[in-house]
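Each protein sequence line maps, in turn, to chains A and B. When we follow our numbering, the leftmost residue of the first sequence carries the number 272, and every step to the right adds one. When we follow our numbering, the leftmost residue of the second sequence carries the number -5, and every step to the right adds one.
Think of the hints as simulated: they come from the structure by calculation, not from any bench. Mixed in with the good hints there might be a few duds.
[Said to hold, decoys possible] Under the rule of at most 25 Å between Cα atoms (straight-line distance), these lysine-lysine pairs were calculated in the PhoX-like manner: (1) Lys231/B x Lys739/A; (2) Lys759/A x Lys637/A; (3) Lys537/A x Lys234/B; (4) Lys234/B x Lys552/A; (5) Lys678/A x Lys425/A; (6) Lys553/A x Lys2/B; (7) Lys678/A x Lys652/A; (8) Lys377/A x Lys637/A; (9) Lys553/A x Lys234/B; (10) Lys677/A x Lys637/A; (11) Lys736/A x Lys746/A; (12) Lys234/B x Lys746/A; (13) Lys552/A x Lys652/A; (14) Lys359/A x Lys347/A; (15) Lys360/A x Lys637/A; (16) Lys377/A x Lys347/A; (17) Lys652/A x Lys359/A; (18) Lys360/A x Lys739/A; (19) Lys623/A x Lys448/A; (20) Lys448/A x Lys117/B; (21) Lys637/A x Lys658/A; (22) Lys651/A x Lys360/A; (23) Lys552/A x Lys117/B; (24) Lys537/A x Lys117/B; (25) Lys637/A x Lys623/A; (26) Lys359/A x Lys677/A; (27) Lys55/B x Lys746/A; (28) Lys652/A x Lys553/A; (29) Lys2/B x Lys55/B; (30) Lys652/A x Lys360/A; (31) Lys677/A x Lys652/A; (32) Lys736/A x Lys55/B; (33) Lys55/B x Lys117/B.
Since we're looking at a predicted model, the values are computed, not measured.
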Amino acid sequence: MSEQHPENGSGEDPRIMAQDTADTSITAGRMGRAGRPRYELTFGDAWDYAPAPERVPVAIKERYGHFINGKFTSAKEVFSTINPATEKKLALVAQGSAREVGSAVKAARDALRGWTRIGGKERGKYIYRIARRLQERAREFAVLETMDGGKPIKESRDVDIPLAAQYFFYYAGWADKLRYAVPGRDPRALGVCAQVIPWNFPLMMLSWKIAPALACGNTVVLKPAETTPLTALLFAEVCQEVELPAGVVNIVTGDGRTGAALVGHKDIDKIAFTGSTGVGKKLAAIAAERGIPATLELGGKSPNIIFDDASIDQAIEGIIQGIYFNQGHVCCAGSRLFVQEGIAGEVQERLKIRLNSLRVGDPLDKNTDVGAINSRMQLKKIEEYLKIGRGEGALLYESNGSMLPKKGYFCRPSFFTGVQQSHRIAQEEIFGPVLAVQTFRTPEEAISRANNTPYGLAAGVWTDKGSKIFEVATKLKAGVVWCNTYNKFDATSPFGGYKESGFGREGGMHGIRAYVRV
Amino acid sequence: MARTEVLKTYKLYINGGFPRSESGRSIKALGADGGLMAHICHASRKDLRDAVGAARAAHCKWLARTAYNRGQILYRLGEMLEGRAEEFAQAIKQSTGDDLRTARKEVQASVDRFVAYAGWADKFPQVLGCQNPVAGPYYNFTVPEGTGVCAVVAPDEASLLGLVSLIAPVICAGCTVVALGSEAHPIPTSILGEVCQVSDVPAGVINLLMGKRGELIDWIAGHGEIDAVHAAGMSEKEAKGLRMGAAVNVKRVRIRDTSGDGWYDDEVCESPWWVEGFVEMKTIWHPSGA
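This is chain A alone, in the form it adopts within the complex (with noise of 0.2 Å):
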């Protein structure tokens, strides 16, 4: 929450001022009455924050193998996994080679049997016992989490663990209640899972394929992203703990070259991939050619809709929250901003504020709102894309809010104006902390502009009025719409896309779909 600014002396409402003055119209630099920008809302910036940075011991080895039928195998061929805030390799982790994904899926096939006929009910107190022990050790996960990936700890502190740990809650008991979730018929494992997923939710986008997995029956190999495996690798050690069936889970770590030869093993049943739609595209022509069932969840360009009779200070809450939230790699974000013509001035002076009082940097300090990109590559294509931006003739606006410090990954959070529908800024999916914001003169316009895309994945409308709420979000062509908040996530809630965003869902009821035989 907001607290006062001290020379702000009369004690009112920073928000209330803020409505005294919204009638007229907005110039940048005018100023409110203590010598502040109109709409600034002060955060104690008084005073230094002092570091904070999150300490738990982390034990991290200096080498990784594969997690193999219950045990680590050695590893051979190996690459380093680093800190993108520092620079500094964190660990050796193994390359995996098509021989080491071949006996990860032998070891999947071998334990199906044991798996599917110990019941739903055995299962489920397994996948329990998961979810307790990621609570146990939900600050270990968080610390590595955010070495390993570079997103603030208290992101991966209060979002991605605990989530994690509760998709693993919500599916354990799933798996005695199966038939419940397929009304009239009678739902079967599908078998071994091929799992590959992105770098941005490493540990959660983990529990959403492994937790539904498991729950109906079926055994995996995971492929951690290269540039983050090391919670999935913790996670082969909660899976020790809690003896797990030596088969039922199997990670396998490497860049492209694994994935491939576990997308294109002869003996899976099932693709399940989250990232980009070109490489989504091709797992859809694998899983097509090899007559076996897929679940994407692929790329975004998600609209955020902000109407004239929206409740401003939340509507900029929720824009802030919806593309900086994790540096933008979102696949959800809401990265397109379309904000109605007769606020546009205000809307943009604020952002302008807000965004100056995000916090770059350290991503283990808990007071930082902005951590690091998560590689040297994610960062380039980003700064390209700036590029891009202003050579389309959009104007960027790069919050001025901190020193970013001098190693590591970083990147100001930025949007650009005058964005037009044409520009690949408003086309593609950036995947870093870049918002393009156009305008918009009527609902429709709105809703046209905003379906106007091959994505489909999520979207976000703010107005007060209830009514335009349920038409607009009816009206969208996006799996997830949120009203009046945005980047929500619940294990209970499905997730998923339309178009070129993918097909299936993962989370609630319709995950169970993802991975039965009906």
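Got chain A; can you put chain B on it based on the hints?
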């Protein structure tokens, strides 16, 4: 003097009208005895394109109809089909060589299938959707919504019942349809267009093409404005080609292996799980309180 019979021209059904093929081509529909039954308009790739355009344009409005209304229109299809049962039965008999009893049975099952999906229209959202108990102060629910434009590729076997069984769940879902009817027995497909036109089905919601599967199937698979495919009676090679081509725009593909008496299995063919392949689950969040 003997009266000269007026022969009917069997046309395509696109956007609520009955065009000839833009290609000007026709094919012979032969009876089971090898005799000529009629000349049938032979759909081309451009006819497919026109039909997809019509289906795309009709989709928003079809989706905006109430479920009750979609159900009534599906029921009306059943009513109108019943009224022309004998014409369909004769066409099936002549084309396939089935006896009249078998042909009538197929028509009756087709009527019943429309009626079954008429009933599902305002019920499947309650079976497939749900409210989700999220751990926070939010109201959260998941509703199914028709995917978009769906291509139907009908089997040769059960030329009417197969076609109806593939179309009905798709329009029940809220999709619009471009269907390629049986190549071997095209006449029922053409007559079905006449049934659609008098059943209050809005123009463009159902479009029916007759022609050669081999000519059109690759264009269907790769078409960027087709969002889903519902097919049956395919060879393994055709099915694989269709699935792989469909990856280009992440189409939703359902290929049924239903055959023979399987088309009369109501448990299988009149199920909300046949609708489920052609809906997108949309999850909506809203804060409560706050």
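Hint-by-hint comparison with the structure:
1. Lys231/B x Lys739/A: violated (48 Å)
2. Lys759/A x Lys637/A: holds (21 Å)
3. Lys537/A x Lys234/B: holds (16 Å)
4. Lys234/B x Lys552/A: Answer holds: Lys234/B to Lys552/A is near 15 Å, not above 25 Å.
5. Lys678/A x Lys425/A: holds (21 Å)
6. Lys553/A x Lys2/B: Violated, because 47 Å separates the two Cα atoms, which is more than 25 Å.
7. Lys678/A x Lys652/A: Holds, at about 18 Å.
8. Lys377/A x Lys637/A: The given pair, whose Cα atoms are some 43 Å apart, is violated under the 25 Å limit.
9. Lys553/A x Lys234/B: holds (14 Å)
10. Lys677/A x Lys637/A: This hinted pair holds, its Cα atoms lying about 19 Å apart.
11. Lys736/A x Lys746/A: holds (16 Å)
12. Lys234/B x Lys746/A: The hint is violated at about 34 Å.
13. Lys552/A x Lys652/A: Holds, at roughly 21 Å.
14. Lys359/A x Lys347/A: holds (22 Å)
15. Lys360/A x Lys637/A: Roughly 22 Å separates the two Cα atoms, so the pair holds.
16. Lys377/A x Lys347/A: OK: Lys377/A and Lys347/A at ~19 Å, within 25 Å.
17. Lys652/A x Lys359/A: holds (21 Å)
18. Lys360/A x Lys739/A: violated (51 Å)
19. Lys623/A x Lys448/A: violated (50 Å)
20. Lys448/A x Lys117/B: Answer holds: Lys448/A to Lys117/B is near 23 Å, not above 25 Å.
21. Lys637/A x Lys658/A: violated (32 Å)
22. Lys651/A x Lys360/A: holds (20 Å)
23. Lys552/A x Lys117/B: Cα-Cα ~33 Å, so violated.
24. Lys537/A x Lys117/B: Judged against 25 Å, a Cα distance of about 40 Å means the pair is violated.
25. Lys637/A x Lys623/A: Measuring from Cα to Cα gives roughly 23 Å; hence the hint holds.
26. Lys359/A x Lys677/A: holds (13 Å)
27. Lys55/B x Lys746/A: holds (11 Å)
28. Lys652/A x Lys553/A: holds (22 Å)
29. Lys2/B x Lys55/B: violated (33 Å)
30. Lys652/A x Lys360/A: holds (22 Å)
31. Lys677/A x Lys652/A: Holds, because 19 Å separates the two Cα atoms, which is no more than 25 Å.
32. Lys736/A x Lys55/B: holds (24 Å)
33. Lys55/B x Lys117/B: This hinted pair holds, its Cα atoms lying about 20 Å apart.
This entry does not satisfy hints 1, 6, 8, 12, 18, 19, 21, 23, 24, 29, going by the numbered hints stated previously.
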